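J.: Chain by chain, the residues run as shown.
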Amino acid sequence: MKDMILEYIKNEYLDEDEAEDTDLNENTPLISGGIVDSFSMVSLKRFLEKKFSISIPDDEASPQAFDTVTSIIALVNRHLAKKGA
Amino acid sequence: MAYPAAVKEAWQAELAGIREKGIYKEERFIHSPQSAHIKVEYPSGSALQDVINLCANNYLGLSSHPDVVAAAHRALDERGYGMSSVRFICGTQDVHRTLEHKLTEFLGTEDTILFASCLDANAGVFEAILGPEDVMISDRLVHASIVDGIRLCKAMHDTYKHCDMAHLEQKLQEHQDKRVRVIITDGVFSMDGDLAPLDQIVALGETYNALVFLDDSHATGFIGKTGRGVHEHFGVMGRIDIITTTLGKAMGGASGGCVSGRKEIVELCRQRARPYLFSNAVPPPIAAAGIKVLEILSANTERRDKLEANAKFWRKGLIDAGFVIRDGDSPIVPVMLFNAKLAQDVARDLYHEGIYVVGFFFPVVAAGQARIRTQLSADHDIPMLARALESFKKVGAKYGILGLDKKGIIEKYGQ
Chain A
1 MKDMILEYIK
11 NEYLDEDEAE
21 DTDLNENTPL
31 ISGGIVDSFS
41 MVSLKRFLEK
51 KFSISIPDDE
61 ASPQAFDTVT
71 SIIALVNRHL
81 AKKGA
Chain B
1 MAYPAAVKEA
11 WQAELAGIRE
21 KGIYKEERFI
31 HSPQSAHIKV
41 EYPSGSALQD
51 VINLCANNYL
61 GLSSHPDVVA
71 AAHRALDERG
81 YGMSSVRFIC
91 GTQDVHRTLE
101 HKLTEFLGTE
111 DTILFASCLD
121 ANAGVFEAIL
131 GPEDVMISDR
141 LVHASIVDGI
151 RLCKAMHDTY
161 KHCDMAHLEQ
171 KLQEHQDKRV
181 RVIITDGVFS
191 MDGDLAPLDQ
201 IVALGETYNA
211 LVFLDDSHAT
221 GFIGKTGRGV
231 HEHFGVMGRI
241 DIITTTLGKA
251 MGGASGGCVS
261 GRKEIVELCR
271 QRARPYLFSN
281 AVPPPIAAAG
291 IKVLEILSAN
301 TERRDKLEAN
311 AKFWRKGLID
321 AGFVIRDGDS
331 PIVPVMLFNA
341 KLAQDVARDL
351 YHEGIYVVGF
361 FFPVVAAGQA
371 RIRTQLSADH
381 DIPMLARALE
391 SFKKVGAKYG
401 ILGLDKKGII
411 EKYGQ
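Protein sequence lines, in the order shown, are assigned to chains A and B.
Numbering of the first sequence is given in the working numbering, commencing with residue 1 and proceeding in unit increments.
Numbering of the second sequence is given in the working numbering, commencing with residue 1 and proceeding in unit increments.
Keep in mind the hints are simulated off the structure, nothing from the lab.
Owing to the predicted nature of the structure, the values given are computational and were not obtained by experimental measurement.
Some hints could be false.
[Claimed, not checked] Taking lysine-lysine pairs in the BS3-like style, the calculated list, with each CA pair at most 27 Å apart, reads:
#, chain 1, residue 1, chain 2, residue 2
1, B, K306, A, K51
2, A, K50, B, K154
3, A, K10, B, K393
4, A, K50, B, K178
5, B, K178, A, K45
6, B, K306, B, K178
7, B, K178, A, K51
[Stated by the list, open to error] Here's a subset of chain B near chain A, in silico, CB distances under 10 Å, partners left out:
#, residue
8, A6
9, I150
10, T159
11, H162
12, K316
Here a beta-carbon is modelled for each residue, glycine too, at the ideal position from N, C-alpha and C.
Modelling step: build the complete structure from the supplied sequences, incorporating the hints.
T.: See the structure below:
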């Protein structure tokens, strides 16, 4: 899951030269680090919902919850568990 | 009245936080009309300083033009000061109708509706025409007022990488299931000074059945051979569905904005756009001055030609001096410094040299992209700009950044 999300972020949010300069890993701050702006975050949310067949309510899609791939994975896992339950 | 101490303290702490981060904005008091040369009191209480103004949106130098001022005076005498009404009750005068007609003609559209500002136009237009079955696809660097307008609208929104046509195409393909697709872009991006590739955007719009929205606030009056805007520059006049623009920059610089475009879109704005319905009509002197500005611009292209020449001279001068600037064809010329503190220090030193510029940094621009945004005006002349260049060189040399590329500046000062 981690690699898939990192790959999406790289393609969706970074220009080619930025992709080379940016050390992107699961703990890189995305929103507070200025890689993803909170307004453009919506496509990442839709990607996760589509990929994992989940629905993330808007109030859970906060800049904090989307700030690192680690926190995004935690959010996705919570919704996957809910779906499985 | 209740102003609880806890609330007061919380807001004081927020303000202290803004100051600590170094992003507290302070106003500088100008004791002269807006112009290329201004008298500034800064910091507050200090003696007035004569400075060359390189940060106004006064691109055509019309903010204090005698003919524009005279037109406003005349309207003040003949039509009064304010309307005390929204447009649709008793706030529409002949000057409003004339200005809307003249803007339609100038921009090459079907119809135009005035707003109190372009911020209002952008805040109102999307909600007036789009619903949940539609999608708005915007460039990631569009102006904050467009972001606000998008947020107020129930249509889905998506974004594409700045001026990246392959990414835009991908998004248009993704959203083919929507009723209406609107591609949203600035004409000239205000922080970078680059132009949206509008010919390609229009072509993609036509291929994927999408409307094109253009905010041409930093272009109307001077971009394109006769100053009609970025659509003229790229030869796509008449093919833009929605143009929003302002009278608050090149076009006299007071206030007022508009939505100009397809007849039905403008008509829907008159019926539904909340900033139009619930705020006052543009004051008569401002509307009349706007008409005068359009007359001046339609008579000849002298002012935009001078602006273009000034911008060319300035860009070349900065490059030759060894600064890193953003490429572009506009009179917005960002001097890239990458580091926020460096941008502030350079701006402060330039002020002491008699050059008024401002440093911009995150969150106004992307992290690590701090800069000084310089803006040219037809009010500038070459000797004035040559003097300003000397000051830039002096300060640039002090910080040892002349001749350094992006990497070099970041190595020296951090990002």
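J.: Hint by hint, note whether the structure agrees.
T.: Results for each hint:
| no. | hint | result |
| --- | --- | --- |
| 1 | B:K306 to A:K51 | 54 Å, violated |
| 2 | A:K50 to B:K154 | 21 Å, holds |
| 3 | A:K10 to B:K393 | 38 Å, violated |
| 4 | A:K50 to B:K178 | 17 Å, holds |
| 5 | B:K178 to A:K45 | 18 Å, holds |
| 6 | B:K306 to B:K178 | 45 Å, violated |
| 7 | B:K178 to A:K51 | 20 Å, holds |
| 8 | A6 | 24 Å, violated |
| 9 | I150 | 8 Å, holds |
| 10 | T159 | 4 Å, holds |
| 11 | H162 | 8 Å, holds |
| 12 | K316 | 25 Å, violated |
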